[in-house]
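Chemist: All chains should be built: construct the whole structure from the sequences, respecting the hints.
Just so you know, the numbering used here puts 196 at position 196 of the sequence shown, and the rest follows in order with no gaps.
By construction, these hints were calculated from the structure, which means they are not laboratory data.
Honestly, I wouldn't trust all of these hints.
Per label pair, the in silico range of CB-to-CB distance [stated by the list, open to error]: (1) Asp132 x Asp16: 40 to 50 angstroms; (2) Gly206 x Thr122: 40 to 50 angstroms; (3) Tyr191 x Gln129: 36 to 46 angstroms; (4) Thr119 x Gly241: 26 to 36 angstroms; (5) Asp132 x Gly168: 20 to 30 angstroms; (6) Gly187 x Gln111: 26 to 36 angstroms; (7) Leu224 x Gly162: 27 to 37 angstroms; (8) Thr119 x Gly206: 47 to 57 angstroms; (9) Ile220 x Gln91: 26 to 36 angstroms; (10) Asp107 x Thr196: 43 to 53 angstroms.
Even for Gly, the Cβ is constructed at its ideal location relative to N, Cα and C.
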Amino acid sequence: MTLTHANGVSTLTETDPLRRVTRVHTTGGDRRRLPLWLRRCRQPHLHATRIQGQPVLPDVYQYDGLYQLTRVWYGANATDPAAITAYDKLQSYQLDTVGNRLLVQNDAVSQVYLPNDGTRLTDPVNRYQQVDADPFTYDPKGNLTADDRNTYTYDHENRQTGASGPGGVAQYIYDPLGRRIAKIVDGTATYYVYNTAYQIVEERDGSNGLLARYTYGDCIDEPLTMERGGATYTYHRDALGSVTEATNATGVG
Numbered sequence: 001m002t003l004t005h006a007n008g009v010s011t012l013t014e015t016d017p018l019r020r021v022t023r024v025h026t027t028g029g030d031r032r033r034l035p036l037w038l039r040r041c042r043q044p045h046l047h048a049t050r051i052q053g054q055p056v057l058p059d060v061y062q063y064d065g066l067y068q069l070t071r072v073w074y075g076a077n078a079t080d081p082a083a084i085t086a087y088d089k090l091q092s093y094q095l096d097t098v099g100n101r102l103l104v105q106n107d108a109v110s111q112v113y114l115p116n117d118g119t120r121l122t123d124p125v126n127r128y129q130q131v132d133a134d135p136f137t138y139d140p141k142g143n144l145t146a147d148d149r150n151t152y153t154y155d156h157e158n159r160q161t162g163a164s165g166p167g168g169v170a171q172y173i174y175d176p177l178g179r180r181i182a183k184i185v186d187g188t189a190t191y192y193v194y195n196t197a198y199q200i201v202e203e204r205d206g207s208n209g210l211l212a213r214y215t216y217g218d219c220i221d222e223p224l225t226m227e228r229g230g231a232t233y234t235y236h237r238d239a240l241g242s243v244t245e246a247t248n249a250t251g252v253g
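Modeler: Below, the structure written as C-alpha cells:
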C-alpha cells in the first residue's frame, strides 16, 4: 500500500502473508532525514529499524517471552543480536515477573528501582519508592505527588491539575467531559479546541489567537498534518503507527 502526502512525500508499507508489517519505505523530500526502513527479523520478539540514506546504523530491540523489552542496541553493526560486535549504546532492562523494573543498565551506568529483593519489586502495591537515591511520594489514591525535583497535584477524579519545579509552574484545566482544555505555564495560557471525536483540532493563546491546527485520518490516533507558525507539516509513522518524523510543505524534515 502506498500513501502519497500533499507535500509529495510517499510512504510504501509492505506486509507478509500474515499481514504483519515487514517494511516501511518513505521517499521524497529530504531523504537524509526520513525514516525509510523498518525490518522485522525472524528471531522471536525481535525487530530492528534502519534509516536508509543516512550514515547511521540500525537500532535493534530484543524482547522476552512475555513481549517485554529487555535490551536495545543503538547504532548496532548488525540486526541479529548474535552478530552484533559494535554499537553506539546498549540499554538493558531487568524486570520482575509482573513487568516492574528492577534495574536499568545504560552501558556501564546502572539505575536501581527500589524496593526490590533482586527478583521482584517488594512494595505491596507495586509502587517505586525511589530510583537510586531519588525518593518518590504518593497520595492515598496512588498518584505521584513528588519526586526529587517536582511536585504534582490532582483533582477528585485523579486528573493532574498542576506541576511545579525548577522548570516552572504549570496548571491544567478540564471540561465536564474530562478533556484537558487549557494549560497555563508560568502565566502563559494555551487553550485546546476539540472535535466530536475528542481530537485536538486547534490550539489558541490567551487572546484567542490561533497557534496551531491539526487534521486527522480515519484511524484511531492518526494525526496527518499540523499548521503552526504559517507552515504546514505532515506526520510520518513507522510500522507501529508511531509518529517518527514531520516534513514541511516541500518534503524537508
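Chemist: Work down the list of hints and note, for each, if the structure agrees.
Modeler: Hints, verified against the model:
Separated by about 43 angstroms at the C-beta atoms, Asp132 and Asp16 satisfy the suggested range of 40 to 50 angstroms. Checking the proposed 40 to 50 angstroms range against Gly206 and Thr122 shows it holds: the Cβ atoms sit about 48 angstroms from each other. Checking the proposed 36 to 46 angstroms range against Tyr191 and Gln129 shows it holds: the Cβ atoms sit about 37 angstroms from each other. Between Thr119 and Gly241, the C-beta spacing of about 35 angstroms keeps the proposed range 26 to 36 angstroms intact.
Under the hint 20 to 30 angstroms, the C-beta atoms of Asp132 and Gly168, about 25 angstroms apart, fit the expected range. The beta-carbon spacing between Gly187 and Gln111, approximately 35 angstroms, falls within the hinted interval of 26 to 36 angstroms. The hinted range of 27 to 37 angstroms is satisfied by Leu224 and Gly162, whose Cβ atoms lie roughly 32 angstroms apart. Distance hint for Thr119 and Gly206: a CB-CB separation of about 52 angstroms, consistent with the stated range 47 to 57 angstroms.
Between Ile220 and Gln91 the beta carbons are some 29 angstroms apart, a value that agrees with the proposed interval 26 to 36 angstroms. Look at Asp107 against Thr196: about 48 angstroms separates their beta carbons, and that is inside 43 to 53 angstroms.
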